[in-house]
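Order-wise, the sequence lines are chains A and B.
The working numbering puts the first residue of the first sequence at 1, with every later residue one more than the last.
The working numbering puts the first residue of the second sequence at 304, with every later residue one more than the last.
Residues from chain B that keep clear of chain A, each with C-beta distances beyond 10 Å, as calculated:
(1) 329
(2) 379
(3) 382
(4) 419
(5) 451
(6) 455
(7) 456
(8) 485
(9) 535
Just so you have them, the derived chain A footprint on chain B, three or more residues with Cβ under 8 Å:
(10) 317-327
(11) 560-571
Read the hints as simulated data drawn from the structure, not as lab findings.
Only a predicted model underlies this, so the values are computations on that prediction, with no experimental measurement involved.
The C-beta atom is built at its ideal place from N, Cα and C for all residues, glycine as well.
2 protein chains.
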Amino acid sequence: MKPLSQAIRPTTVIEPEKLRSHLGLDLVVISETFQHTGSFKFRAAYNVVLNRPESEFVGVSSGNFGQALAFACKLLDRKCTVVMPHNSAKVKVDSVVSYGAAADLINVNEISRVERLEQLREQRPDAYMASAFDDRLVIEGNSSLGDEVIGLGLDAIVVPIGGGGLISGTIEAFERAGKAIGIFGAEPAMANDAARSLKAGKIIPNDLEPQTIADGTRTLSVGDLTFPVIQRGVKDILEVSEEKIVEGLKLYFSHANLKCEPTGALSLGAVLQYPEQFRDKRVGVVVSGGNVDRDVYLSTVSV
Amino acid sequence: MKPLSQAIRPTTVIEPEKLRSHLGLDLVVISETFQHTGSFKFRAAYNVVLNRPESEFVGVSSGNFGQALAFACKLLDRKCTVVMPHNSAKVKVDSVVSYGAAADLINVNEISRVERLEQLREQRPDAYMASAFDDRLVIEGNSSLGDEVIGLGLDAIVVPIGGGGLISGTIEAFERAGKAIGIFGAEPAMANDAARSLKAGKIIPNDLEPQTIADGTRTLSVGDLTFPVIQRGVKDILEVSEEKIVEGLKLYFSHANLKCEPTGALSLGAVLQYPEQFRDKRVGVVVSGGNVDRDVYLSTVSV
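Whenever a hint applies, use it, and build me the whole structure from the sequences.
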């Protein structure tokens, strides 16, 4: 069993001249698109499976966490079930199955994910119900990305926020290293629960899953464990328009040769929307992942 | 003035699980898509400009070498002129100009590139006429990529062949390190001058620029300096169909989150077409660059 540091692939650091001169900013791209399973989620999933004694894991995800959990279980020889909406993209279901996990397809009009998780918890009392973000092991796993970027000499770093797992890990890594830089969250304006929660000083969930193009952030709220870390460590949470997310995705393609998913373009979207925050600073933008439906990607880039 | 090793960006090594299991091969992707100016050509161009005393450089290129030479000249404070067909894609002309070089646009129906170069040689006797491949400094610059991959434990490596500059550098790096692995060239079947030359034991040029989708290999022949290196160091030159180049490009997108240009997909195309050559071997595939016209890319991936 490899320790986390040997199981993960190091993040990809890119300094794209064309994009930098286009923006007039000292931009450093930190890309997890080449991480195992194509997103940072593998860091968390592997750390959870490695450190839990259970022989079976259950996760709820139609996206990157499901694939990451499935692959981590494969590497560490555990059973894995991923609960997914029955109308999930076939490519995502196939990915989970290809890593050897069972895809538990539910009709979300008949049963909610939470209800299905309760059923599974009763049916399989020995399985570990893995949260995609609200778990100390998740935050700890994600902090390995923070560790890797501490030496880059950044003044600021922008990190996408969904459930808050990645930014919490980033904050804890910089705390551990005793380095103070500006850590910014980037959240879709139409899914701004974290920004609203930060202002209110308490968790305020979205009413419904917001249908932002950044589908990795369609969470109802940040977590009980991630929120206090965000409160103490974040400089600000920047609310990004759908338009700027798309512009970021397109610029990565045209000016940096980088294919990423819409959620991955959130950080650059934030820099595009609030450039004055990053003037004369060396700013890192975290690209959380690259997995995107082909037709969504092509139609977005071709606009 | 930075030495070459500090001026270049290290290559990006990717081990994409999904692509590896799709192929059933121990594949390592070595990508130059995030190199300065988006292709390996920067290694060569920088090494040329760094080691030549001239204050002005002239290159002929509608593609990656032009951009690389322009940027190298910018970094090293030299004058640069890039001769390009007047109907080159606007984005390529703009790139060259954005790096501070002059784009010398010629109508190739009225004057050939070679003739224009002769004119410039007479008009500017103090300028250095930079070849994209047939120059010891080019081969030496490209060999820095070979140096970077020697530690990867490869049994074989597949490298695109146009003028032969990259594969010559790769061969020389492995020779220098005293490591013998199988070095394969990948050449479009419809632009197979290097394969024919290797068989004949002498340089046999193409009659016309072959209109392969891998536009980085539309050279008439390998060079006088690169050919002997290829002859002594290459295990074989694999001729790749246009179909397999396209399949490679699409697989990089869907199974590795990698955006590359058609020429960059040649090595994977060779592995797809001749898998038996690489069974039970750890094989590195070099992705030479990522710069591709948006519409060409989108229409290729969407097929």
